[in-house]
Amino acid sequence: GAVVSQHPSWVICKSGTSVKIECRSLDFQATTMFWYRQFPKQSLMLMATSNEGSKATYEQGVEKDKFLINHASLTLSTLTVTSAHPEDSSFYICSALGLFLDEQFFGPGTRLTVL
Amino acid sequence: AQKITQTQPGMFVQEKEAVTLDCTYDTSDPSYGLFWYKQPSSGEMIFLIYQGSYDQQNATEGRYSLNFQKARKSANLVISASQLGDSAMYFCAMREGIEGYQKVTFGTGTKLQVIP
Chain L
27 GAVVSQHPSW VICKSGTSVK IECRSLDFQA TTMFWYRQFP KQSLMLMATS
77 NEGSKATYEQ GVEKDKFLIN HASLTLSTLT VTSAHPEDSS FYICSALGLF
127 LDEQFFGPGT RLTVL
Chain X
5 AQKITQTQPG MFVQEKEAVT LDCTYDTSDP SYGLFWYKQP SSGEMIFLIY
55 QGSYDQQNAT EGRYSLNFQK ARKSANLVIS ASQLGDSAMY FCAMREGIEG
105 YQKVTFGTGT KLQVIP
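Same order as they appear, the protein sequences are chains L and X.
Reading the first sequence from the start, the letters are residues 27 to 141 in this note's numbering.
Reading the second sequence from the start, the letters are residues 5 to 120 in this note's numbering.
Check the hints yourself; a few may be wrong.
Capping the alpha-carbon separation at 25 Å, the derived lysine to any residue pairs in SDA-like fashion look like this [unchecked claim]:
no., chain 1, residue 1, chain 2, residue 2
1, X, K107, L, T43
2, X, K107, L, T101
3, X, K7, X, L88
4, X, K77, L, K90
5, X, K20, X, N71
6, X, K74, X, S45
7, X, K74, X, Y36
8, L, K90, X, Q106
9, X, K7, L, T101
10, X, K77, X, T11
11, X, K107, L, G42
Example chain L residues on the side facing chain X (calculated, C-beta under 7 Å, incomplete) [to be verified]:
no., residue
12, L70
13, L72
14, T75
15, F126
16, L127
17, P134
18, G135
19, T139
Label-pair restraints from in silico Cβ distances [claimed, not checked]:
no., chain 1, residue 1, chain 2, residue 2, range
20, X, A22, L, K81, 43 to 51 Å
21, X, A85, L, H111, 17 to 25 Å
22, X, Y105, L, V29, 34 to 42 Å
23, L, K40, X, Q73, 45 to 53 Å
24, L, P112, X, D59, 27 to 35 Å
25, X, L88, L, F65, 25 to 33 Å
26, X, R76, L, P34, 20 to 28 Å
27, X, T24, L, T106, 40 to 48 Å
28, X, A22, L, Q86, 21 to 29 Å
Treat the hints as calculated values from the structure; they're not laboratory data.
Quick caveat, the model's predicted, so the values are computed rather than measured.
Glycine included, C-beta positions come from ideal geometry on N, C-alpha and C.
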């Protein structure tokens, strides 16, 4: 099956710094990618939909200036958490839609801890 | 309003027994898709099964089957012959929208524990 990678797998940073998370589709072109956030023992919360070549569509309540999303190519989307604070600590997961309706491929996730 | 509702925060099942995890959804799109995912403690999302809104037959994948009742807007997951390795969080998700404007949203999940 198709593979989606995320880098880094985990990151610890100081409050106030920015962190970039990469999501890559390794063997297919992904027009649409999604970014999710998951708190411990909770569900995946859709943050934004990233379409190649256009601005991301953010869900209500998600700060677009805080969570910058760039989908510059068909195989790469990036999420930058700007001026991170401890409350941004979470598990961030990306996914990419495949060609067929039943295809959604998830990355392994990135665990962010902000001190 | 919740798009995807999973009313069972936690479930226990005896090993080798079958278990049904509930999922109801809400959409006005005529074309949509329903997924079930398993998330073990490692955090990875494992695809289990998919049902398209126009599919006539209920989806099956090995020990997993989806009881799709379109009129009731429900898409329950049935796991037959439970195994200890089935213990995990299970999420129901829905894909809706048209190409270029699609989104996939998740239910709150059900934690399944299989008892030996």
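Here's how the hints hold up against the structure:
About 30 Å separates the Cα atoms of X/K107 and L/T43, which puts this hinted pair outside 25 Å; it is violated. At most 25 Å may separate the alpha-carbon atoms for a hinted pair to count; X/K107 and L/T101 meet this at roughly 18 Å. At roughly 31 Å between alpha-carbon atoms, X/K7 and X/L88 are farther apart than 25 Å, so this suggested pair is violated. Between X/K77 and L/K90, the direct Cα distance comes to roughly 33 Å. Violation of the 25 Å bound is thereby established for this hinted pair.
Among the hinted pairs, X/K20 with X/N71 is consistent with the structure: their alpha-carbon atoms are about 20 Å apart, no more than 25 Å. Proposed proximity of X/K74 and X/S45 is contradicted: the alpha carbons are some 32 Å apart, above 25 Å. Under the criterion of a C-alpha separation no larger than 25 Å, the hint pairing X/K74 with X/Y36 is consistent with the structure, at around 11 Å. Simply put, L/K90 and X/Q106 have alpha-carbon atoms about 19 Å apart, close enough for the 25 Å limit, and the pair holds.
At most 25 Å may separate the alpha-carbon atoms for a hinted pair to count; X/K7 and L/T101 exceed this at roughly 29 Å. For the hint linking X/K77 to X/T11, the alpha-carbon distance of about 14 Å falls within 25 Å, and the restraint holds. With a C-alpha separation of about 31 Å, the suggested pairing of X/K107 with L/G42 is violated against the 25 Å cut-off. The interface hint given for L/L70 holds, since its Cβ lies 5 Å from the closest Cβ of chain X, which is under the 7 Å cut-off.
Satisfaction of the interface hint for L/L72 is found here, the shortest Cβ-Cβ separation to chain X being roughly 6 Å, below the 7 Å cut-off. Evaluation of the L/T75 hint against chain X yields a held restraint, the C-beta minimum of about 6 Å falling below 7 Å. Interface restraint check: L/F126 against chain X, minimum CB-CB distance 9 Å, threshold 7 Å, status violated. Proximity of L/L127 to chain X holds as hinted, the smallest CB-CB distance being about 5 Å (cut-off 7 Å).
A hinted interface residue such as L/P134 counts as satisfied when its beta carbon comes closer than 7 Å to some beta carbon of chain X; here the least separation is about 5 Å, so the hint holds. Restraint check, L/G135 versus chain X: the minimum CB separation of about 5 Å is within 7 Å; hint holds. For L/T139, the shortest C-beta to C-beta distance to chain X is roughly 14 Å, which exceeds 7 Å, and the interface hint is violated. At about 46 Å, the CB distance of X/A22 to L/K81 agrees with the hint of 43 to 51 Å.
At roughly 47 Å, the beta carbons of X/A85 and L/H111 sit outside the given window of 17 to 25 Å. For X/Y105 and L/V29, the Cβ-Cβ distance of about 25 Å falls outside the hinted range of 34 to 42 Å, so the restraint is violated. The hinted range of 45 to 53 Å is satisfied by L/K40 and X/Q73, whose Cβ atoms lie roughly 51 Å apart. At about 45 Å, the beta-carbon gap between L/P112 and X/D59 misses the expected band of 27 to 35 Å.
Here the CB-CB span from X/L88 to L/F65 is close to 27 Å, well matched to the stated 25 to 33 Å. At about 43 Å, the beta-carbon gap between X/R76 and L/P34 misses the expected band of 20 to 28 Å. The hinted range of 40 to 48 Å is satisfied by X/T24 and L/T106, whose Cβ atoms lie roughly 42 Å apart. Distance hint check for X/A22 and L/Q86: the Cβ-Cβ separation is about 39 Å, which falls outside the suggested range of 21 to 29 Å.
Hints 1, 3, 4, 6, 9, 11, 15, 19, 21, 22, 24, 26, 28 from the list above are not met by this structure, while the remaining hints are.
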